[in-house]
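Number of protein chains: 2
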Amino acid sequence: MAPVSEIESSRANFNSTLHSFNKDEITISEYIFLRIYQLGIKSIFGVPGDFNLSLLEHLYDIPDLNWIGCCNELNASYAADAYSKTTNKMSVLLTTYGVGELSAINGIAGSYSEYSPLLHIVGTSRYALKNSDLNIHHLVTNSNTLLKPDHFIYEKIAENFSCVQESITDDALEACVKVDNVIRDVWMKSRPGYLFLPCDLTEMKVPMKYLYTDLDLTYSPTVPQSRIDEVVSKILDKLYSSSNPCVIADYFLKKFRLEDKFEQLINKLDGKINIYDTFLGKGLIHEDMSRFVGTYNGKLGDSYVTKSIESSDLILHIGNFDNEVNNGFFTFDLLKERKIELNPDYISICGELYTDLNLQDVFPVLLSKLQTFKVPTAKVIEKDLCVTKKNDTVYPLIEQDLFNSLQSNLKPNDILIVDTCSFIFSISDLKLKGAKFINQMLWGAIGYALPATLGASLALRDFNMDGRVITVEGDGSAQMSLQELASFVRYKINPILFILNNDGYTIERVIKGPNRSYNDISCDWQWCQMMKVFGDVDETYSKSHRVTSAKQLETMMSDTVYQHENKFQLVELILPKFDVPDRLLRMIHGN
Amino acid sequence: MAPVSEIESSRANFNSTLHSFNKDEITISEYIFLRIYQLGIKSIFGVPGDFNLSLLEHLYDIPDLNWIGCCNELNASYAADAYSKTTNKMSVLLTTYGVGELSAINGIAGSYSEYSPLLHIVGTSRYALKNSDLNIHHLVTNSNTLLKPDHFIYEKIAENFSCVQESITDDALEACVKVDNVIRDVWMKSRPGYLFLPCDLTEMKVPMKYLYTDLDLTYSPTVPQSRIDEVVSKILDKLYSSSNPCVIADYFLKKFRLEDKFEQLINKLDGKINIYDTFLGKGLIHEDMSRFVGTYNGKLGDSYVTKSIESSDLILHIGNFDNEVNNGFFTFDLLKERKIELNPDYISICGELYTDLNLQDVFPVLLSKLQTFKVPTAKVIEKDLCVTKKNDTVYPLIEQDLFNSLQSNLKPNDILIVDTCSFIFSISDLKLKGAKFINQMLWGAIGYALPATLGASLALRDFNMDGRVITVEGDGSAQMSLQELASFVRYKINPILFILNNDGYTIERVIKGPNRSYNDISCDWQWCQMMKVFGDVDETYSKSHRVTSAKQLETMMSDTVYQHENKFQLVELILPKFDVPDRLLRMIHGN
Chain R
1 MAPVSEIESS RANFNSTLHS FNKDEITISE YIFLRIYQLG IKSIFGVPGD
51 FNLSLLEHLY DIPDLNWIGC CNELNASYAA DAYSKTTNKM SVLLTTYGVG
101 ELSAINGIAG SYSEYSPLLH IVGTSRYALK NSDLNIHHLV TNSNTLLKPD
151 HFIYEKIAEN FSCVQESITD DALEACVKVD NVIRDVWMKS RPGYLFLPCD
201 LTEMKVPMKY LYTDLDLTYS PTVPQSRIDE VVSKILDKLY SSSNPCVIAD
251 YFLKKFRLED KFEQLINKLD GKINIYDTFL GKGLIHEDMS RFVGTYNGKL
301 GDSYVTKSIE SSDLILHIGN FDNEVNNGFF TFDLLKERKI ELNPDYISIC
351 GELYTDLNLQ DVFPVLLSKL QTFKVPTAKV IEKDLCVTKK NDTVYPLIEQ
401 DLFNSLQSNL KPNDILIVDT CSFIFSISDL KLKGAKFINQ MLWGAIGYAL
451 PATLGASLAL RDFNMDGRVI TVEGDGSAQM SLQELASFVR YKINPILFIL
501 NNDGYTIERV IKGPNRSYND ISCDWQWCQM MKVFGDVDET YSKSHRVTSA
551 KQLETMMSDT VYQHENKFQL VELILPKFDV PDRLLRMIHG N
Chain E
1 MAPVSEIESS RANFNSTLHS FNKDEITISE YIFLRIYQLG IKSIFGVPGD
51 FNLSLLEHLY DIPDLNWIGC CNELNASYAA DAYSKTTNKM SVLLTTYGVG
101 ELSAINGIAG SYSEYSPLLH IVGTSRYALK NSDLNIHHLV TNSNTLLKPD
151 HFIYEKIAEN FSCVQESITD DALEACVKVD NVIRDVWMKS RPGYLFLPCD
201 LTEMKVPMKY LYTDLDLTYS PTVPQSRIDE VVSKILDKLY SSSNPCVIAD
251 YFLKKFRLED KFEQLINKLD GKINIYDTFL GKGLIHEDMS RFVGTYNGKL
301 GDSYVTKSIE SSDLILHIGN FDNEVNNGFF TFDLLKERKI ELNPDYISIC
351 GELYTDLNLQ DVFPVLLSKL QTFKVPTAKV IEKDLCVTKK NDTVYPLIEQ
401 DLFNSLQSNL KPNDILIVDT CSFIFSISDL KLKGAKFINQ MLWGAIGYAL
451 PATLGASLAL RDFNMDGRVI TVEGDGSAQM SLQELASFVR YKINPILFIL
501 NNDGYTIERV IKGPNRSYND ISCDWQWCQM MKVFGDVDET YSKSHRVTSA
551 KQLETMMSDT VYQHENKFQL VELILPKFDV PDRLLRMIHG N
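Chains as they are written, first to last, in the UniProt record's numbering: chain R, 1 to 591; chain E, 1 to 591.
Any given hint might turn out to be false.
The list treats identical chains as one, so a pair stands whether inside a single copy or across any two.
With a Cα cut of at most 27 Å, we get these calculated DSS-like pairs of lysine-lysine [stated by the list, open to error]:
no.	residue 1	residue 2
1	K492	K532
2	K512	K42
3	K189	K156
4	K148	K336
5	K299	K383
6	K130	K512
7	K543	K532
8	K130	K148
Worth flagging that the hints you see were computed from the coordinates, not collected in a lab. Just so it is clear, the structure is predicted and the values come from calculations on it, not from any experiment.
Next up, chain R with everything else stripped away, as it sits in the complex (with noise of 0.2 Å):
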């Protein structure tokens, strides 16, 4: 991700940052926060409440940590969801007791099922009120007025959806073990965290020598090496005694870092074995590369890559992620005899479990061990190529149009965000060509994209990271977390935004509906005049553009878009109500 100089020099501003304290004791809050800062994050996503103002005042003493206040939680959780997706780091959302959490909570379900790592910190009730019979607000009443509060009721509930949850004491030791074992766990298990801090314990002391030494993030195997080696051997008798062999590669490549690792695997199979990639996985694999044949979506993907890899005697599955957007709606037809999955819970060898060590204990052994001699070169796949299709007619303007113009104007490092809507349907066939493709389609909740957009372009600003953010989303998702475009006003970035304006749910009308009421939207926003009224009432930070035809979709991308850099671009698509890619049809319709 950052190059070296600059980790050396986020290392640099660390210890200076540090230095500056100057004493041998900090409070807990200042704590938390040099805590992430160490991690090189530089934004943390929320919302102010009365619960979390004193551990907010302590953000403020660390001068390169930004507050990115959002207009509300579930927008500060999406955000912060994709501001690690972006960088493959953590990111941190803080909200306040209750009221902040719970509006939150869908958001972090999301990050849950996703394996985003993200650390929510809320400030909650007082400790010294904890076990008291009182009614404050934000406290959810029990349900007899005569029983006590339970004000640890949202704890209790963040266990549902975080891998972690620790909640302050006044016990100021154990206080910094806890800070240490959350962002330790959401790091190794790269899924959402929580961490509870009192707000009458936001002024504890505590010792600073602590930070002087990194938090050891390194994934160390539990199992003994000869248990790895025996695993690796016998993976590897498989694939050297197979004739015809493939590798998938999937998502927990991504969410357990390591691409650079699965890039030296292709690269030491070069020319030998087929790759695919699957719909989460897209983006591990460059398009061109000779032996890439495609994205495995089951009955709803090509034939000539479902017939392809479903006839190969051994599937390399790395990093398989089993959920229905990721294996084709259940389509995947795969010989458990011919398969081989690395995991981060398991190992299975052609239908042979083992629970006792995983992905990151088996892979890096398996890529050192790999002798490229020794693999069977197989069979070439011959690409049945899609020709891009062409819109001929002049009006009305079709997502095809806008498939063909991400896909001649997508550039490596380009972020591409689309929401859960008609479009996502034709990514399978869009070629990302070093661009990353970011979205939240297993957990589904329309209305991500847009937060989404802030918590990427956030990002790529810390990171010092090339490229841009493009986001693709409905109208009907859009309007869901609207009020987040002030946000883009606010922090000055410049993603592209193309709304989809085809009046209303239009994934719902093809399932259910069509012309029903319940899948309309209120009816005439005026998407361009949106940036106005959110502050940018003489388009200084943005630029809107309503396109109608694919003509002016083409001249707007290569004219405009792409000149105004420093400007945040809204583009309103003017779309048929009933127009979807093929895909989804299939999907639905199943033909």
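Use these hints to put chain E onto chain R, whose structure you have.
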């Protein structure tokens, strides 16, 4: 609430709709909607999603039942809460599996804490899939990829925030019982309840005959009459033998629909004893009543109110709801041995606790047995009438001007909604004069008022109630749920919405960090242009006003706002950043 003729006409409509089905069996979906319609409800709030579309289809079988499609689920839950608070009826929220229900959960927790009867219907994953190990979208993945996901995970979470939860299975008869059971519990306990309907059971046939009988929603005591009589006697003995008694009218009188009976009580006691209300009980008593003293707010209230009530020798506290918002932040100082409490969970008589009977058991009997002539005449309290403070300066406009304007313009039957913002701290001083005050101050999630305005306005329309909805909300709050303004146009409602434009989180500025960035919001919202981008380009359905002086406010209120009753009026008030009511400062700084 609704006049008898109204109820009769509603009943006739229901019977005619029922007749139109003309069959023995209907779908469970129709059964649910008919039971709702039978209660007189006409609006169902929510957001569609793939797991509730088949259910939603059946909503159109009942012509008088309207789908109110909100911009997101949290907003929909706030709207439903206010629909219920406005009418004292049940309200209905409909969401989709996982993403939808969790997005609404902060609102539901608020309704639970504040005792709003709200039916939350969730369209869930397929019944046939409930025991499968398949990972589907909207279903949170498990802690280990080898573990089955839990299809009932959200139902367990709902238990924290609802008084009843029922999941429909493929047992058709039991399904009807479950529907009836949830509705009855929601009503009787006056809190949210959940009905989970798997998306593959929406067409399940159930007998229609149950619908020919209304649900029995009348309250019946579970203790023998003799026990109630015994406790009532004790209360009356205390009352009759006191010398300076008083009554406090409190929140649960509203929530358990005892307002009419309470009015009978104060008529019986008129001229004899002093009457108070509380912050959450506000509106139960017309302020002009001769023996009404004021709102008891402990040390935060007017001292003559606090002194007089605390020197009463018997305090009959009816419908008491003990929480910090309602008890002057724990500054009530009433001696236990002088206090009688009638609460939905218990009765307490001068320190003796009775948990086998409650407010609903005791209050009607107390009313009927009370003999006015035996009640001592309490000391008349000299009211220390606060003179309305006038703002003599031309600029700037301050919150006090809004207070004065509301005090002159508020009419009986108006619905005054105030968000948890600085202005709400002046409400204790406002005379409602028959208007209804709606807030969410105990739960305290900012952003409530804007969607609540939609819910309250539709409630007035559905039940042909007089009055007008008038809402006051800070800009920091309004941005949280901003997009729901689009529904104001879509559903053509005509409230008055005052936006306090004071550049951010003013309450928080008073608590901490007056000039910190965390208390800022995106700086330059163009409130008066807002309705244009939400589709009302030519101000057909709305009118926006920017007000900067008291004079201008006065003119606008008399000339404009009340002259355009068929249009929504958005009034942006330009206020100083640190202008707050004295009461708020007293609460925070304790002086």
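I'd like to know which numbered hints this structure contradicts. Please list them from smallest to largest.
Checked against the structure, no hint fails, so every one of them is satisfied.
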